[in-house]
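Peer 1: In case you want the letters, here they are:
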Amino acid sequence: MARRRDRTQQLASRAVQIGFLLAVLALWYAATNFWGVNHLLLPNPVTVFHQLVDVLKSGQFLPDLRVTATEFVVAFLLAMASGTLVGFFVSRSPYWIRVFEPLFAGINSIPIILLLPLYVLFFGLGAASKIAIGATISFFPIVLSTVAGFGNVDRMLVTAARSMGASDYQLFRYVLVPAALPVILSGLRIGFTVALLSILGSETIASLAGLGHQIVQLAENMEMAQMFAYVVFVLAITALLNVLVSRLEARGRRHG
Amino acid sequence: MSTGEVAIRIKSVGHHFGEAGEARHVRALADTSLDIVRGELLCLIGPSGCGKSTLLNVIGGLLAPTSGTVEVAGKPVHGPMPHDIAYIFQENALFPWNTVDQNVRLGMLFQGVPKSAHAARAQKSLEAVGLAEFADHYPAQLSGGMRQRAALARALSLQTDILLMDEPFGALDEQTRMILGEDLSVLLARTEKTIVFVTHSLGEAVFLADRVAVFSARPGTVKKILRIDEPHPRNPDFVTSEKFTALRNELYALLHDEIRKAVGSEAPRGRRGANGGAM
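If you're matching them up, the sequences are chains A and B in order. Using the working numbering, the letters of the first sequence correspond one by one to residues 66 to 321. Using the working numbering, the letters of the second sequence correspond one by one to residues 7 to 285.
Hints are not guaranteed to be accurate.
Some but not every residue of chain B turned toward chain A, in silico, with C-beta under 10 Å [stated by the list, open to error]:
hint, residue
1, H84
2, G85
3, H89
4, I91
5, Y93
6, L148
7, A161
Quick list of simulated restraints, FRET-style, between CB atoms [to be verified]:
hint, chain 1, residue 1, chain 2, residue 2, range
8, B, V12, A, I172, 41 to 51 Å
9, B, R30, A, A146, 38 to 48 Å
10, B, R30, A, L168, 25 to 35 Å
11, A, A315, B, P239, 42 to 52 Å
Simulated from the structure, these hints should not be mistaken for laboratory data. Don't be surprised by glycine CBs; every beta carbon is placed ideally from N, CA and C.
Taking the hints into account, I'd like the entire structure generated from these sequences.
Peer 2: Here it is, written out as structure tokens:
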């Protein structure tokens with residue numbers, strides 16, 4: 066009974082969400098076709114759709130996608146490895162938690178993206194600066210959640226495991242990790258999102274290649290329809306990735 | 007039931023938290039000596055903060071005492087002894103991400119039981135506590151009483167000679183407590199385990215124990231030992247017998263002064279101290 070009601074409610078909220086997207090699309094169509102908004106500023110959605118089909122068919126997006134994807138994967142892996150490692154070691158001592166947790170939280174709350182010019186000076190206009198800024202920005206939510214996850218494991222569970230003879234490795238594998246995992250996963254999801262965001266953003270500001278770079282190039286050449294096609298393409302990819310990551314997180318939570 | 011052989015020897019154990027002179031310095035336990043006989047169920051009872059849980063943690067090797075030593079099966083205790091001692095805590099010591107069955111198996115994995123023996127031993131101990139049907143439930147899906155049964159099953163599966171129980175039914179309601187106590191008495195009559203059981207409840211102590219060690223107020227030490235001569239498994243009718251009532255009253259009289267002292271030392275002198283003992 067309750068499950069069916071949940072299901073109905075879920076369908077209803079999905080319908081509203083899809084309705085909202087359709088309404089935006091309808092507004093867009095009306096603005097360009099009936100209300101005389103300049104096509105140079107806002108191209109017709111139908112034109113954009115045709116452009117999108119062209120872009121996808123020709124495969125011209127592939128080199129830029131490859132650049133952005135590589136930057137993102139490397140940046141996120143770096144942030145994940147360093148964030149969880151540093152977070153775990155900080156969480157081992159209440160003193161280190163008191164020292165580092167406010168420090169990380171403070172840095173996490175400032176707009177690190179403002180340091181992009183510095184990153185470009187240090188790492189150049191290419192992929193390296195994007196990887197560096199993406200890894201830096203996504204490091205903080207990951208390290209913070211890891212410290213919180215490992216730092217707040219119920220002492221009772223640790224004592225119980227020790228009393229039954231758990232070794233250090235067993236304690237880590239069967240108690241600390243499952244206890245901390247849900248919190249760490251939510252940090253990883255945030256880290257994932259901000260890494261993608263900062264990499265695409267920095268590509269639009271100063272870069273040599275990548276999807277963000279391509280979008281700015283098209284805008285500067287006033288090829289608005291194609292630019293919008295790319296924007297839609299990137300939005301679709303990020304939306305898909307976010308759904309995927311949320312699913313993964315939910316699964317990890319259930320098991321963890 | 008008991009053979010007279012000493013299972014746990016507590017030799018002038020004392021413990022304080024923090025250093026002398028510090029604001030948080032607390033003398034929890036004062037020079038306590040006690041021999042616990044193999045196969046007996048010994049209840050530790052006393053006012054709050056009298057150090058009975060501290061003593062249990064010292065016996066279990068979870069806490070190194072400031073002074074004195076504890077010997078288990080002739081060996082001095084320096085840390086957890088998972089092959090000799092199993093622990094049952096007040097609550098929430100089950101791993102919430104594991105099912106009941108997985109919890110029991112994890113205990114055996116930690117203790118070093120060969121994998122091939124896990125299934126049979128888990129099954130046996132879950133049946134012993136009447137939880138076989140709930141093997142695949144997660145702790146959150148169980149009532150408080152069932153969770154403690156699961157914790158008991160996990161401890162039994164370790165097949166240790168000694169069980170330490172730190173107010174295992176303390177968080178449960180009165181009725182669940184009674185039933186679990188009866189079941190525990192039946193269960194223990196069948197095994198030859200030595201059990202140290204910390205409790206706040208006079209009735210629980212008299213119903214379960216072979217001997218009850220009454221603690222004085224902080225810094226606690228054993229003030230008197232009360233013997234309960236009644237065979238296990240104890241009949242539920244024991245609770246309504248005159249013998250039970252007499253023993254319970256004796257225990258109450260022993261405890262009353264100590265509780266009054268404990269309350270008096272926490273409250274400012276005067277009214278609260280004077281009224282605190284009424285219970």
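Peer 1: Checking each numbered hint in turn, tell me which of them this model violates, lowest number first.
Peer 2: Hint check: 1, 6 and 8 fail, others pass.
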